[in-house]
Amino acid sequence: MDILGRHNVTVSGKGERFMMFAHGFGCDRNMWRFVAPAFEETHRIVLFDHVGCGRSDSSLYDPVRHSSLQGYADDVVAIGRALGLEEAIFVGHSVSAMIGILAARTAPGMFGKLVLIGPSPCYINDGDYRGGFERSDIDELMTFMDSNFLGWSAALTPQIMGNPDRPELAEELNNSFCRADPDIAKSFARVTFLSDNRSDLEGVAIPALILQCSEDLIAPDSVGAYVHERLAGSALVRLRATGHCPNLSAPEETVEAIREWI
Amino acid sequence: MADLLPGFDDETLYEDAPCGYLATLPDGTVLRVNRTLLRWTGYDSDELCGTRFQDRLTLAGRIYHETHFAPLLRMQGSISEVALDFVCKNGERLPTLVNTVQRTDEEGRPVVNLTTVFDARDRRRYEQELLAARDVARTAALELQRLNSELEQRVAAAVEERLTAEDALRQSQKMEAIGQLTGGVAHDFNNLLTLVIGGLDLIGRQIPSQPPGPGTERIRRARDAAMEGARRAAKLTQHLLAFARRQPLEPRLLEVNRLIREISDMLRRTLGEQVELETVLGAGLWDVEADPVQLENAMLNLGVNARDAMPAGGKLTIETHNSSLDDSYVAGVPEGLAAGQYVMIAVSDTGCGMDLETQQKVFEPFFTTKEVGKGTGLGLSQVYGFVRQSGGHVRIYSEPGVGTNVKIYLPRARPGIEAEPERRVEPAAMSGDEKILVVEDHEDLRHYIVGILTDLGYEVVATADGPSAIETIAKRPDLDLLLTDVVLPGGMNGRQIATEALRLRPGLKILFMTGYTHNAIVHDGRLDPGVALISKPFTYDQLGAKVRSELDGLPGHRRT
Chain B
1 MDILGRHNVT
11 VSGKGERFMM
21 FAHGFGCDRN
31 MWRFVAPAFE
41 ETHRIVLFDH
51 VGCGRSDSSL
61 YDPVRHSSLQ
71 GYADDVVAIG
81 RALGLEEAIF
91 VGHSVSAMIG
101 ILAARTAPGM
111 FGKLVLIGPS
121 PCYINDGDYR
131 GGFERSDIDE
141 LMTFMDSNFL
151 GWSAALTPQI
161 MGNPDRPELA
171 EELNNSFCRA
181 DPDIAKSFAR
191 VTFLSDNRSD
201 LEGVAIPALI
211 LQCSEDLIAP
221 DSVGAYVHER
231 LAGSALVRLR
241 ATGHCPNLSA
251 PEETVEAIRE
261 WI
Chain V
1 MADLLPGFDD
11 ETLYEDAPCG
21 YLATLPDGTV
31 LRVNRTLLRW
41 TGYDSDELCG
51 TRFQDRLTLA
61 GRIYHETHFA
71 PLLRMQGSIS
81 EVALDFVCKN
91 GERLPTLVNT
101 VQRTDEEGRP
111 VVNLTTVFDA
121 RDRRRYEQEL
131 LAARDVARTA
141 ALELQRLNSE
151 LEQRVAAAVE
161 ERLTAEDALR
171 QSQKMEAIGQ
181 LTGGVAHDFN
191 NLLTLVIGGL
201 DLIGRQIPSQ
211 PPGPGTERIR
221 RARDAAMEGA
231 RRAAKLTQHL
241 LAFARRQPLE
251 PRLLEVNRLI
261 REISDMLRRT
271 LGEQVELETV
281 LGAGLWDVEA
291 DPVQLENAML
301 NLGVNARDAM
311 PAGGKLTIET
321 HNSSLDDSYV
331 AGVPEGLAAG
341 QYVMIAVSDT
351 GCGMDLETQQ
361 KVFEPFFTTK
371 EVGKGTGLGL
381 SQVYGFVRQS
391 GGHVRIYSEP
401 GVGTNVKIYL
411 PRARPGIEAE
421 PERRVEPAAM
431 SGDEKILVVE
441 DHEDLRHYIV
451 GILTDLGYEV
461 VATADGPSAI
471 ETIAKRPDLD
481 LLLTDVVLPG
491 GMNGRQIATE
501 ALRLRPGLKI
511 LFMTGYTHNA
521 IVHDGRLDPG
531 VALISKPFTY
541 DQLGAKVRSE
551 LDGLPGHRRT
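So the sequence lines, in the order shown, correspond to chains B and V.
According to this note's numbering, the first sequence is numbered sequentially starting from 1.
According to this note's numbering, the second sequence is numbered sequentially starting from 1.
One thing to keep in mind: the hints can contain errors.
Per label pair, the in silico range of CB-to-CB distance [claimed, not checked]:
(1) E160/V / D126/B: 46 to 56 Å
(2) R35/V / A232/B: 55 to 65 Å
(3) T139/V / E87/B: 49 to 59 Å
The hints are simulated quantities; they were obtained by calculation from the structure and are not laboratory data.
C-beta: ideal position from N, C-alpha, C; glycine also.
Whenever a hint applies, use it, and build me the whole structure from the sequences.
Written out as structure tokens, the structure reads:
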């Protein structure tokens with residue numbers, strides 16, 4: 001299977017310009033189901049799953065390479081190269097906002113515009129910088145994730161997946177959206193929440209749109225403002241939508257903000 | 001239906017159900033909560049309604065809600081058995097399992113979320129135990145894996161060690177086998193050389209009585225050349241015997257430093273001007289018990305090899321010092337070595353060195369790296385044989401391109417042994433009229449020996465084996481000397497003949513002849529104190545002188 005198959009990449013829609021949507025931690029490409037179709041008339045839509053998520057090929061996972069966000073950014077670049085992307089629009093949610101910035105730095109010319117939904121270059125408080133979390137919070141999250149993975153992914157999925165006589169069971173699974181390889185998901189969580197890519201914001205000359213939700217626990221207002229300040233040529237739009245996933249909770253508002261900007 | 005449950009109206013069933021109920025807006029704002037959940041969490045209804053339910057979760061739960069719970073609910077319309085921890089009013093944590101369905105309007109927009117909350121304290125405790133057990137199992141598996149790989153490594157190391165030991169053993173067995181072979185060949189060769197040298201000797205003696213002239217002169221030259229060739233052949237067999245540890249050694253108390261000082265001039269000449277000789281002789285060096293002539297040969301052989309390894313010049317260093325070899329050192333010597341005190345002589349050069357394969361072969365006879373005709377391949381064999389026969393040990397260290405270092409370890413002399421003065425036999429008066437019994441099974445050799453002794457004036461009786469020799473001794477009480485070969489057919493060897501002879505005739509003088517000494521007469525390859533021995537091949541003069549000195553009982557012969 002080629003790189004596109006292994007990342008469950010699909011390309012749809014009309015138009016000249018490519019628009020690549022990258023999901024964040026906790027989900028897969030399904031999270032764009034209310035937003036991406038809105039651009040199919042005008043753009044060629046690229047959807048994909050990060051390694052360990054959705055229907056990606058988990059064997060792509062490399063504990064060393066994927067121990068930093070750059071590894072995930074390199075995956076994005078590989079997909080972009082396979083599709084021959086030039087001056088494409090990158091839409092990244094949550095951690096994928098930073099992954100997009102790293103990918104744009106890695107492959108100049110591949111992306112001409114960045115849409116960053118709930119970006120955070122660093123989740124942990126550091127001196128004057130308020131990322132929103134303490135290190136101990138993240139450790140607690142790791143332990144907590146075990147409780148849920150024990151409940152479904154880890155305990156149930158492999159057994160049912162391993163029952164070749166009844167393949168439909170896997171599809172009937174509860175919470176079958178956002179399937180994830182539990183070990184990779186935990187590693188992704190650690191890499192995400194312990195990352196510090198503040199210095200990578202400097203010197204990015206690509207126009208960027210920052211969509212900042214209200215009352216976003218994961219990426220609070222102060223972080224959005226920080227990114228806006230450091231990212232030269234960026235625009236900041238505050239959404240009425242609350243929470244961390246406006247693409248799901250307020251797709252119309254999200255689509256409108258993106259469309260207006262691009 | 002309600003009639004069947006008196007006192008339990010719908011309200012009561014909702015409020016007091018054994019699980020918590022929550023109705024919330026899509027953003028999590030609580031619209032209604034039942035009494036069970038209020039009881040569990042300790043909040044009043046007013047405190048919860050109007051706030052977002054996710055704000056009542058632990059921080060990890062809130063992150064999880066944002067990244068997993070809310071997106072999943074929106075995409076699937078429902079979510080099952082998600083583990084979330086509530087924070088109660090008193091600060092305690094309530095582990096729960098949450099199921100939620102999302103109701104949407106006709107256009108698919110979410111309107112309300114309906115949630116049941118189950119007390120999962122027991123289940124969570126059980127899960128924690130499972131997780132702990134999984135961690136224990138993982139740790140155990142890792143430990144097992146580590147032990148396995150360690151075991152593999154240990155087995156590999158043991159096999160490696162075993163292979164090395166077997167290699168060393170094979171090497172020493174090979175050396176032993178070659179020793180047996182060369183020793184045997186050299187022994188037979190010595191018998192033949194004795195005849196050749198004897199014949200040439202006789203011719204030489206006859207020449208003066210021939211009429212002078214060119215013909216006679218040609219015979220003399222041919223005889224001299226043949227004699228020289230035979231002597232060189234004898235020397236070669238001597239080297240072979242040395243390697244085979246079959247040469248008769250004449251060990252005596254020796255100061256190694258003095259010997260090295262005495263031969264250093266000769267060594268310098270051997271090494272030539274290109275090679276600098278340095279000697280670093282240890283103070284207070286112990287004496288050794290060794291054959292000085294053989295040690296000299298060994299040093300010269302090493303010197304010659306070092307010179308040839310340094311064609312462009314270099315430095316040869318001879319060092320000596322006392323050394324104690326412990327059990328762990330001797331355990332690494334496959335051919336066997338006793339732990340104890342040794343004198344070490346190290347000969348180091350700055351020459352071309354040699355690789356490991358060469359190092360393993362250098363002590364083998366006829367192995368040479370020199371051009372054909374330039375070396376016999378017996379130099380290091382002599383060193384090896386002599387040192388081993390002397391109860392010592394040779395070790396070679398070499399680095400290609402850096403140099404070679406040969407260390408000789410000779411055992412420290414046993415206390416109480418006195419230095420023997422050099423034994424010099426004056427060949428002046430070899431003749432005599434004593435009565436001698438010759439025991440030699442080799443017929444030609446016997447004739448040769450009898451011829452020499454008769455020529456010198458002795459009265460000679462000869463036999464070919466032990467029983468007839470004993471018979472003769474019994475019959476002839478006037479015998480002065482028994483001259484016997486060591487290895488004999490007929491059931492008795494030379495030593496047994498000597499023992500029996502001494503029983504019959506105490507005081508009878510005895511002289512042994514041998515091509516090699518691997519037999520009962522010699523202990524550890526050394527002459528038994530109190531026995532006299534002449535090595536084959538010998539010349540007319542050598543035999544005459546030895547017999548005369550034995551009959552005269554010259555000093556230096558310790559009798560026990």
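Consistency of the hints with the structure:
no.	hint	in the structure
1	E160/V / D126/B: 46 to 56 Å	holds, 53 Å
2	R35/V / A232/B: 55 to 65 Å	holds, 56 Å
3	T139/V / E87/B: 49 to 59 Å	holds, 51 Å
The structure fails none of the hints (numbered hints given earlier).
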